[in-house]
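A.B. asks: Let's have the full structure, built from the sequences with the hints guiding it.
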Amino acid sequence: MIYLDNASTTPMLPCAVKTYEKYAAHNFYNPSAIYKPSVQVKQDIIQAKQIIKKSLGATTGEIIFTSSATEANNLALIGSLRSNFKKIIISSAEHASIYNVAKHLEEKGLNVDFCPLQDNGQIDYEALENMIDGNTNLISIVHVNNETGAINDIKRISEIRNRKCKNAILHVDGVQAFSKIKINLSYFGVDLYTISSHKIFGPKGIACLYVKNKNLIKPMIFGGGQEDNIRSGTENVPAIMSFKTAVEEIGDIQQNYEYVRQLRELFIENLKHLSVKINTSDNNSPYILSLCFKGVNGETLVHMLEEQEIYISTGSACSSHNSGNRVLSAMGVSNMDIRGCVRISFSKYNTKDEIITASKTLADCYCKLLDKLR
Amino acid sequence: MNKVIVLRFGELYLKGKNRSYFEKVLINNIKKSLNEFNCHVIKSGGRYFVTQYDEFDEQQIIDKLTKVFGLVSLSRAVEVNSDVDEIKDYVSNLHLDNKSFRVSVTRADKNFPIVSSEFEKILGGIILKNNPDIKVSLKDFDTEVVIDIRENKNTYISTEKIQCAGGMPLSTAGNGLLLLSGGIDSPVAAYMIARRGMSLSAIHFYSFPYTSELAKQKVFTLAKKLTEYLGNIKLYLCKFTHIQEEIHKHCSPEYMITLMRRFMMKISARICKQNGLKAIITGENLGQVASQTVESMTVTNFAQTEIPIFRPLIGFDKQNIIEIANMIDTYNTSILPYEDCCTVFLPKNPIIKPKMEKVLIEEKKLDIDNLIEEAINGLEILEF
Chain A
1147 MIYLDNASTT PMLPCAVKTY EKYAAHNFYN PSAIYKPSVQ VKQDIIQAKQ
1197 IIKKSLGATT GEIIFTSSAT EANNLALIGS LRSNFKKIII SSAEHASIYN
1247 VAKHLEEKGL NVDFCPLQDN GQIDYEALEN MIDGNTNLIS IVHVNNETGA
1297 INDIKRISEI RNRKCKNAIL HVDGVQAFSK IKINLSYFGV DLYTISSHKI
1347 FGPKGIACLY VKNKNLIKPM IFGGGQEDNI RSGTENVPAI MSFKTAVEEI
1397 GDIQQNYEYV RQLRELFIEN LKHLSVKINT SDNNSPYILS LCFKGVNGET
1447 LVHMLEEQEI YISTGSACSS HNSGNRVLSA MGVSNMDIRG CVRISFSKYN
1497 TKDEIITASK TLADCYCKLL DKLR
Chain B
43 MNKVIVLRFG ELYLKGKNRS YFEKVLINNI KKSLNEFNCH VIKSGGRYFV
93 TQYDEFDEQQ IIDKLTKVFG LVSLSRAVEV NSDVDEIKDY VSNLHLDNKS
143 FRVSVTRADK NFPIVSSEFE KILGGIILKN NPDIKVSLKD FDTEVVIDIR
193 ENKNTYISTE KIQCAGGMPL STAGNGLLLL SGGIDSPVAA YMIARRGMSL
243 SAIHFYSFPY TSELAKQKVF TLAKKLTEYL GNIKLYLCKF THIQEEIHKH
293 CSPEYMITLM RRFMMKISAR ICKQNGLKAI ITGENLGQVA SQTVESMTVT
343 NFAQTEIPIF RPLIGFDKQN IIEIANMIDT YNTSILPYED CCTVFLPKNP
393 IIKPKMEKVL IEEKKLDIDN LIEEAINGLE ILEF
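Chains as they are written, first to last, in my numbering: chain A, 1147 to 1520; chain B, 43 to 426.
In case anyone wonders, no lab produced these hints; they're calculated from the structure. This structure is a prediction, so every number in the text was calculated from the model and none was measured. Positions of the beta carbon are idealized from the N, C-alpha and C atoms, including for glycine. Careful: at least some of the hints might be erroneous.
The calculated label-pair distances, taken between Cβ atoms and stated as ranges, are [claimed, not checked]:
#1 B:Leu-138 - A:Val-1185: 35 to 45 Å
#2 B:Leu-421 - A:Lys-1200: 53 to 63 Å
#3 A:Ile-1396 - B:Gln-316: 51 to 61 Å
#4 A:Ser-1427 - B:Lys-390: 48 to 58 Å
#5 B:Pro-379 - A:Asn-1257: 29 to 39 Å
#6 A:Lys-1249 - B:Met-43: 51 to 61 Å
#7 B:Thr-340 - A:Met-1482: 29 to 39 Å
C.D. replies: Laid out in structure tokens, this is it:
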């Protein structure tokens, strides 16, 4: 089996599984109880938060654990919303958990502006600068796009915000960036930042929102007042601690980046002789490769590879004929090309042999399919 | 005072000498549908009842019963002794929320001391006294209080009538093979034909890798939902990819769908013959798409001549079909957007009025027997 859908999810590391088991079966105590083992569990969670915060390069602020990055993104937008809000800005390339929340708020009467993309998938910085005005209350921009791997320059966005409307809250969805590119939230000047555990070899069911100042966020879920009163509900301790273990295993980001870049180059090399378009430019995240195969349906390619136990995903979120792909469309990719798109997403654990086998099989499947459709 | 569920049968009463056979099958089907519950299905005083069930299960039992073909309606009722005072006592405690009511007394036990019409008036008076905001209305009533005085010295009192699926008991009208595509129509066709008593197996054609595992899972979900009405279903899964590729490679594109449909009928007829199934059932309705014109259906019919093709939805509007799909809870699954085999290699201009001579010429370009053999040999069979 060759797994090249790491942007979708990743397998848990054995050490993360071990931690999970430890806190599920042995140190299972409710962190809110007052006896010693519970107090210890509470301390362990506090330590996990410190480690995660440090990995984000944040010197101040809080980590609020949530059940998913989708919840964290919802919390960022809905939790920061105030009755005097006039306008929010998101990019056209946001994940559904931002995009659909913004659409919902727009329906409720809030002014929502959608920042366009450049051809390389990054946001159009000039357009953003023109959009931000004194009425802007919140800006939410994805750090690394999950479909194309385009990296937005968060420092630059933060500076534009500072110039145009210093009080606007800046939220960044960092799910595909975390552990893969260098992140320094203090340097970036970001207010809210979302990351997820299951994209970095940790368990599913746990994610978090970094909050620079907890007064920025009001709760969406009320109850016992856990997570600084922002997200009630008994802490998912096994998942939190296992998430922490996965963070500790990230290793040298620069070294991993370089290795994965080589994997990506190798993959592209084996497809060069074909009629394939790469939807990302060279300086994008090497972890994600979006490809358009001319004249075929990407979904068919995914299934042909599936038969060989090689797992990749389609470029479009949905296989229906006309649904298209919001992000690729915003980058200017035609509907015809979108139909032929697939997404390959690598991890530092993929081997070069796997990449050679997968890329050659993909090329082979494409040629066979073209022949059948002729 | 026991709680019971009163069962009412429909057309069975038209069956004359065969009635006992139909009744036996229906009772058997009812018992099967309730096999997970602790209860009894009994005949008493000429009526069928579900008795001795845990009140906790009542709603679930009713949900199951409403899906048994052959049952027309049912009522939750209480069983009291056929004693004037006992009946009056029960009725005096009735609290009716609705605006109008009537009392209907049937007196199978002619020894009961008060005639029906007289007793209706007495009981109506009691209800009016205890429910001052309600009116009597013999024609347009909201609630009918039914007092059924049986010969077994028991009386059954109910205040509601729940509609059931009606039709004829399953397995009293042979068995057939349903073409289950994953769309809106075929589950509805299954419902309509099964409602006339036909039990069904199903066949699904898929085109991996052009269609996905998700499309297959969707069909499994539909099959599972249909079991609520149809009982166990045997599903034949037929890989159709090679046939489609061969048609695409060798034949005129406009005939793609016509030729595909004919292959489906040939394969289905083979399965029917091998398994003693007596008809092929499709969800086609006249004029919906290119393959559903009278000309298309004619050339499809003549793909084989041994097994009849039934199209229970032939005269339905799409809106009717959607209503039934919603009622049997298949609609939301059917509209999930996965490609099915009919949308792969879809020609730009499918022929609307295919000609038999042309179809035969196109089919000569293919090794039909081998392709069918290959499809039959590759069949997977699943049980739901």
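A.B. asks: Confirm or reject each hint.
C.D. replies: Hints, verified against the model:
1. B:Leu-138 - A:Val-1185: 35 to 45 Å: Since Leu-138 of chain B and Val-1185 of chain A have Cβ atoms about 60 Å apart, the given range 35 to 45 Å is violated.
2. B:Leu-421 - A:Lys-1200: 53 to 63 Å: holds (59 Å)
3. A:Ile-1396 - B:Gln-316: 51 to 61 Å: holds (59 Å)
4. A:Ser-1427 - B:Lys-390: 48 to 58 Å: violated (35 Å)
5. B:Pro-379 - A:Asn-1257: 29 to 39 Å: Given range 29 to 39 Å: holds, Cβ gap about 32 Å.
6. A:Lys-1249 - B:Met-43: 51 to 61 Å: holds (57 Å)
7. B:Thr-340 - A:Met-1482: 29 to 39 Å: holds (37 Å)
Checked against the numbered hints above, the structure violates hints 1, 4; every other hint is satisfied.
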